[in-house]
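There are 2 protein chains.
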Amino acid sequence: VRIALDAMGTDRHPAVEVEGAVQALGELPGEFELLLVGEAERIEAELSQHAGVDRSRLRVIHAPDRIEPGEPAVTAARRKPTSSIVVGLKLQKEGEADAFISAGSTGAVMAASVFLLRPITGVDRPAVATILPTTTQPLLLIDAGANVDCKPNQLLQFARLGSIYVEDVWKRPNPRIGLLNIGEEPEKGDERSVETHALLAKSELNFAGNIEGRDVIRGNCDVLVSDGFAGNVLLKFYESIMGFMHGLLRQELAQNPDARIDIERLFHGFDYTDYGGAPLLGVNGVTIICHGGSPPRAISSAVRMAIQSVEMGVVAHIARAVSGGTAPEGAAEGA
Amino acid sequence: VRIALDAMGTDRHPAVEVEGAVQALGELPGEFELLLVGEAERIEAELSQHAGVDRSRLRVIHAPDRIEPGEPAVTAARRKPTSSIVVGLKLQKEGEADAFISAGSTGAVMAASVFLLRPITGVDRPAVATILPTTTQPLLLIDAGANVDCKPNQLLQFARLGSIYVEDVWKRPNPRIGLLNIGEEPEKGDERSVETHALLAKSELNFAGNIEGRDVIRGNCDVLVSDGFAGNVLLKFYESIMGFMHGLLRQELAQNPDARIDIERLFHGFDYTDYGGAPLLGVNGVTIICHGGSPPRAISSAVRMAIQSVEMGVVAHIARAVSGGTAPEGAAEGA
Numbered sequence: 001v002r003i004a005l006d007a008m009g010t011d012r013h014p015a016v017e018v019e020g021a022v023q024a025l026g027e028l029p030g031e032f033e034l035l036l037v038g039e040a041e042r043i044e045a046e047l048s049q050h051a052g053v054d055r056s057r058l059r060v061i062h063a064p065d066r067i068e069p070g071e072p073a074v075t076a077a078r079r080k081p082t083s084s085i086v087v088g089l090k091l092q093k094e095g096e097a098d099a100f101i102s103a104g105s106t107g108a109v110m111a112a113s114v115f116l117l118r119p120i121t122g123v124d125r126p127a128v129a130t131i132l133p134t135t136t137q138p139l140l141l142i143d144a145g146a147n148v149d150c151k152p153n154q155l156l157q158f159a160r161l162g163s164i165y166v167e168d169v170w171k172r173p174n175p176r177i178g179l180l181n182i183g184e185e186p187e188k189g190d191e192r193s194v195e196t197h198a199l200l201a202k203s204e205l206n207f208a209g210n211i212e213g214r215d216v217i218r219g220n221c222d223v224l225v226s227d228g229f230a231g232n233v234l235l236k237f238y239e240s241i242m243g244f245m246h247g248l249l250r251q252e253l254a255q256n257p258d259a260r261i262d263i264e265r266l267f268h269g270f271d272y273t274d275y276g277g278a279p280l281l282g283v284n285g286v287t288i289i290c291h292g293g294s295p296p297r298a299i300s301s302a303v304r305m306a307i308q309s310v311e312m313g314v315v316a317h318i319a320r321a322v323s324g325g326t327a328p329e330g331a332a333e334g335a
Numbered sequence: 001v002r003i004a005l006d007a008m009g010t011d012r013h014p015a016v017e018v019e020g021a022v023q024a025l026g027e028l029p030g031e032f033e034l035l036l037v038g039e040a041e042r043i044e045a046e047l048s049q050h051a052g053v054d055r056s057r058l059r060v061i062h063a064p065d066r067i068e069p070g071e072p073a074v075t076a077a078r079r080k081p082t083s084s085i086v087v088g089l090k091l092q093k094e095g096e097a098d099a100f101i102s103a104g105s106t107g108a109v110m111a112a113s114v115f116l117l118r119p120i121t122g123v124d125r126p127a128v129a130t131i132l133p134t135t136t137q138p139l140l141l142i143d144a145g146a147n148v149d150c151k152p153n154q155l156l157q158f159a160r161l162g163s164i165y166v167e168d169v170w171k172r173p174n175p176r177i178g179l180l181n182i183g184e185e186p187e188k189g190d191e192r193s194v195e196t197h198a199l200l201a202k203s204e205l206n207f208a209g210n211i212e213g214r215d216v217i218r219g220n221c222d223v224l225v226s227d228g229f230a231g232n233v234l235l236k237f238y239e240s241i242m243g244f245m246h247g248l249l250r251q252e253l254a255q256n257p258d259a260r261i262d263i264e265r266l267f268h269g270f271d272y273t274d275y276g277g278a279p280l281l282g283v284n285g286v287t288i289i290c291h292g293g294s295p296p297r298a299i300s301s302a303v304r305m306a307i308q309s310v311e312m313g314v315v316a317h318i319a320r321a322v323s324g325g326t327a328p329e330g331a332a333e334g335a
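Residue numbers (our numbering), protein chains in the order written: chain Y, 1 to 335; chain V, 1 to 335.
A couple of the hints might just be wrong.
Claimed, not checked - Using 27 Å as the maximum straight-line C-alpha spacing, the simulated DSS-like pairs for lysine-lysine come out as follows:
no., chain 1, residue 1, chain 2, residue 2
1, V, K188, V, K151
2, V, K236, Y, K236
3, V, K202, V, K151
4, V, K171, V, K202
5, Y, K202, Y, K188
6, V, K151, Y, K151
7, Y, K188, V, K151
8, Y, K236, V, K188
9, Y, K202, Y, K151
10, V, K236, V, K188
11, V, K188, V, K171
12, Y, K151, Y, K90
13, V, K236, V, K151
14, Y, K188, V, K202
15, V, K171, Y, K151
16, Y, K236, Y, K151
17, Y, K151, V, K188
18, V, K151, Y, K236
19, Y, K188, Y, K236
20, Y, K202, Y, K171
Claimed, not checked - Simulated coverage check for chain V against chain Y, where a stretch passes if three residues somewhere in it have a Cβ under 8 Å from a Cβ of chain Y:
no., stretch
21, 29 to 42
22, 144 to 158
23, 274 to 280
24, 299 to 312
As the list claims (entries may be wrong) - Listed below are several chain Y residues computed to face chain V (Cβ distance under 8 Å; list not exhaustive):
no., residue
25, Q137
26, E184
27, D190
28, V233
29, E239
30, E252
31, N256
Everything labelled a hint here was simulated from the structure, so no lab data went into it. C-beta: ideal position from N, C-alpha, C; glycine also.
Generate the whole structure from the sequences, applying the supplied hints.
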């Protein structure tokens with residue numbers, strides 16, 4: 001397995017990416033090779049600070065340009081052919097890598113992935129799936145913001161994409177699919193939700209019904225299907241409030257040295273850095289998108305996710321499910 | 001000011017409502033009268049347990065029927081004319097009360113309010129506004145779940161309703177209006193958000209732009225405008241995660257008796273019981289909807305909200321704003 005890793009994505013690039021790569025090589029099992037993509041000189045300078053790196057499993061691919069966080073995603077992806085994002089994805093397109101990881105501009109990584117890898121035949125819209133920690137076990141939220149104004153049939157596809165990912169990569173058999181909605185009963189919510197509920201109910205998926213905002217935290221499903229609008233609001237709010245609570249308690253404990261509360265342990269399961277990144281599902285390839293603020297730990301977790309996605313053949317599974325699902329794709333104007 | 005209070009709404013009715021009423025009469029300033037609506041015998045039995053209640057300011061209005069939480073809201077509101085919700089709202093309709101408060105079925109209270117009080121001329125859809133605590137000062141979220149599939153012009157109306165409420169009842173001059181969205185720039189989000197952004201930007205309102213999920217907690221606006229779908233997901237999730245964090249810390253502190261952390265103080269600003277209830281804005285009257293799990297404190301807070309809404313003339317302000325706003329209501333198919 002060969003993983004192309006954008007070395008220019010994080011806020012502290014390429015130091016964080018290089019350290020994450022070194023961690024991954026040292027800790028993760030299995031045979032894999034890392035291709036660090038970015039300004040070669042800066043990457044080499046960082047590498048020189050890590051002793052004993054196994055260079056037989058790590059190559060540096062020069063890419064002089066960088067897509068900045070503020071740039072319009074689609075145009076940047078097209079106009080910067082020597083950017084680390086485009087160069088890294090092209091390695092996959094040309095068969096020199098099996099996966100791509102980036103903590104750069106989310107919009108640019110998505111746009112370039114769709115543009116270069118192309119959607120899987122039968123997938124209307126590739127979607128970003130992110131992990132949401134709950135009080136029981138984490139769930140996969142799809143879509144987390146890549147797609148708005150989704151149609152019911154597209155939401156059904158998100159459910160299929162998420163179900164396969166959770167089964168293959170998280171090793172949960174027959175994942176329970178929940179639909180994010182504002183009531184439990186099938187007839188609740190907006191028009192789209194009512195139609196999507198009906199499609200999910202008659203699909204081959206293990207549909208667990210509607211999930212309200214207040215039930216998300218209980219983890220009553222494995223895959224939570226949502227339009228990217230509500231999904232993104234939920235995800236961003238979740239991250240911010242956990243960050244806020246963490247800060248509030250740290251402050252409180254600083255004034256209370258007698259308390260033996262291990263706040264890091266308390267918030268451990270809610271820390272996104274443990275989970276790596278968010279897979280872009282539905283393209284002909286493996287793309288994992290990380291936070292710009294990712295620490296090295298998140299990068300090496302993303303490498304682990306990428307390896308599992310490649311080894312389990314997630315892309316092939318999705319292609320089979322989308323072409324052979326119970327929904328009438330053949331009847332649609334489609335691919 | 002005469003406030004009709006549904007005594008049969010909370011999970012522990014009528015005990016909670018009676019205690020809340022007694023608290024309100026004892027603590028709140030100003031001249032007001034409470035009309036307790038529900039099963040007269042049970043209400044009287046509860047009242048007999050509170051010594052020294054000023055009965056000259058408290059009347060009991062008999063309503064033998066109750067709309068149960070699970071009942072289909074619209075049909076129940078029409079088919080149960082002697083329910084506490086319908087009887088209480090009719091008091092307002094007939095001029096015998098100036099406001100109505102209920103912790104009963106939210107859907108039934110909304111449906112009966114719209115049915116009996118009627119929307120204000122020019123208001124397409126009355127909306128539920130709820131308080132969201134933030135790290136700075138609370139904001140008003142509108143709509144919190146009463147309306148889905150909203151059009152841009154309806155969202156603009158929600159902004160007007162919320163702006164007037166916050167100015168009149170919260171006494172914040174020229175409230176900043178934020179639009180819940182998945183990006184900061186005007187062109188971000190779904191089609192509806194882009195159009196609503198344009199309408200708000202050219203309106204007479206103090207528009208502060210888009211607010212992302214991660215910025216909600218910072219309180220950068222006074223009124224957060226949203227379709228009821230995303231608004232409800234956000235609100236319900238918020239309530240559940242604060243409840244979860246509260247429980248987690250209480251558990252942790254129970255195992256750590258040396259810690260001198262006042263968890264109730266820490267969560268104080270995030271407790272909805274301090275805030276009373278959610279006003280239904282846009283109807284010809286004052287309706288405040290409380291949680292089914294409200295304690296007496298929340299009921300008396302709702303009484304305070306109702307008094308302020310009546311005294312400030314929120315309904316008349318909304319009627320003026322909706323008929324005289326800068327948006328071309330006259331040109332629409334209208335009223």
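Do the hints match the structure? See the list:
Distance restraint check for K188 of chain V and K151 of chain V: the Cα-Cα separation of roughly 17 Å lies within the 27 Å cut-off, and the hinted pair is therefore satisfied. Taking the CA atoms of K236 of chain V and K236 of chain Y, the gap is near 15 Å; set against the 27 Å cutoff, the hint holds. For the proposed pair K202 of chain V and K151 of chain V, the alpha carbon gap of about 17 Å is at most 27 Å, so the pair holds. Using a Cα cut-off of 27 Å, the hinted pair K171 of chain V and K202 of chain V holds, with the two alpha carbons roughly 24 Å apart.
Of the supplied pair hints, the one linking K202 of chain Y and K188 of chain Y holds, its CA atoms being roughly 17 Å apart against a limit of 27 Å. Between K151 of chain V and K151 of chain Y, the direct Cα distance comes to roughly 17 Å. Compliance with the 27 Å bound is thereby established for this hinted pair. Proposed proximity of K188 of chain Y and K151 of chain V is supported: the alpha carbons are some 19 Å apart, at most 27 Å. With a C-alpha separation of about 15 Å, the suggested pair K236 of chain Y and K188 of chain V falls inside the 27 Å cut-off, and the hint holds.
Between K202 of chain Y and K151 of chain Y the alpha-carbon distance is near 17 Å, which keeps this suggested pair within the 27 Å criterion. The hinted pair formed by K236 of chain V and K188 of chain V meets the criterion: a straight-line CA distance of about 24 Å does not exceed 27 Å. Of the supplied pair hints, the one linking K188 of chain V and K171 of chain V is violated, its CA atoms being roughly 32 Å apart against a limit of 27 Å. Among the hinted pairs, K151 of chain Y with K90 of chain Y is inconsistent with the structure: their alpha-carbon atoms are about 31 Å apart, more than 27 Å.
For the proposed pair K236 of chain V and K151 of chain V, the alpha carbon gap of about 23 Å is at most 27 Å, so the pair holds. Of the supplied pair hints, the one linking K188 of chain Y and K202 of chain V is violated, its CA atoms being roughly 34 Å apart against a limit of 27 Å. A distance of roughly 42 Å separates the Cα atoms of K171 of chain V and K151 of chain Y; the hinted pair therefore is violated under the 27 Å criterion. Between K236 of chain Y and K151 of chain Y, the direct Cα distance comes to roughly 23 Å. Compliance with the 27 Å bound is thereby established for this hinted pair.
Under the criterion of a C-alpha separation no larger than 27 Å, the hint pairing K151 of chain Y with K188 of chain V is consistent with the structure, at around 19 Å. Taken as a hint, the K151 of chain V and K236 of chain Y pair is honoured in the structure, with Cα atoms around 24 Å apart against an allowance of 27 Å. Taken as a hint, the K188 of chain Y and K236 of chain Y pair is honoured in the structure, with Cα atoms around 25 Å apart against an allowance of 27 Å. Annotation: proposed proximity of K202 of chain Y to K171 of chain Y holds, straight-line Cα distance about 24 Å (limit 27 Å).
Counting residues of the stretch 29 to 42 of chain V whose beta carbon lies closer than 8 Å to any beta carbon of chain Y gives 0, which falls below the threshold of three, so the coverage claim is violated. For the stretch 144 to 158 of chain V, the stated coverage by chain Y is satisfied: 3 residues place a CB nearer than 8 Å to a CB of that chain, which reaches the threshold of 3. Beta-carbon proximity to chain Y at under 8 Å applies to 0 residues in the stretch 274 to 280 of chain V; the threshold of 3 is not reached and the given coverage is violated. With a cut-off of 8 Å between beta carbons, the stretch 299 to 312 of chain V has 0 residues touching chain Y; three or more are needed, and the interface restraint is violated.
Annotation: Q137 of chain Y was flagged as interfacial toward chain V, and the flag is violated, the nearest CB pair being 15 Å apart, outside 8 Å. At about 11 Å, the closest approach between the beta carbon of E184 of chain Y and any beta carbon in chain V exceeds 8 Å, and the interface hint on this residue is violated. Using the Cβ-Cβ criterion of 8 Å, the hint placing D190 of chain Y at the interface with chain V is satisfied: the shortest such distance is roughly 4 Å. Interface hint status for V233 of chain Y: upheld, as the beta-carbon distance to the closest one in chain V is roughly 4 Å, under 8 Å.
A distance limit of 8 Å between C-beta atoms decides the matter here; for E239 of chain Y the minimum to chain V is near 6 Å, and the interface restraint holds. The interface hint given for E252 of chain Y holds, since its Cβ lies 6 Å from the closest Cβ of chain V, which is under the 8 Å cut-off. Proximity of N256 of chain Y to chain V holds as hinted, the smallest CB-CB distance being about 6 Å (cut-off 8 Å).
Violation of the numbered hints given earlier is confined to hints 11, 12, 14, 15, 21, 23, 24, 25, 26; the remaining hints are satisfied by the structure.
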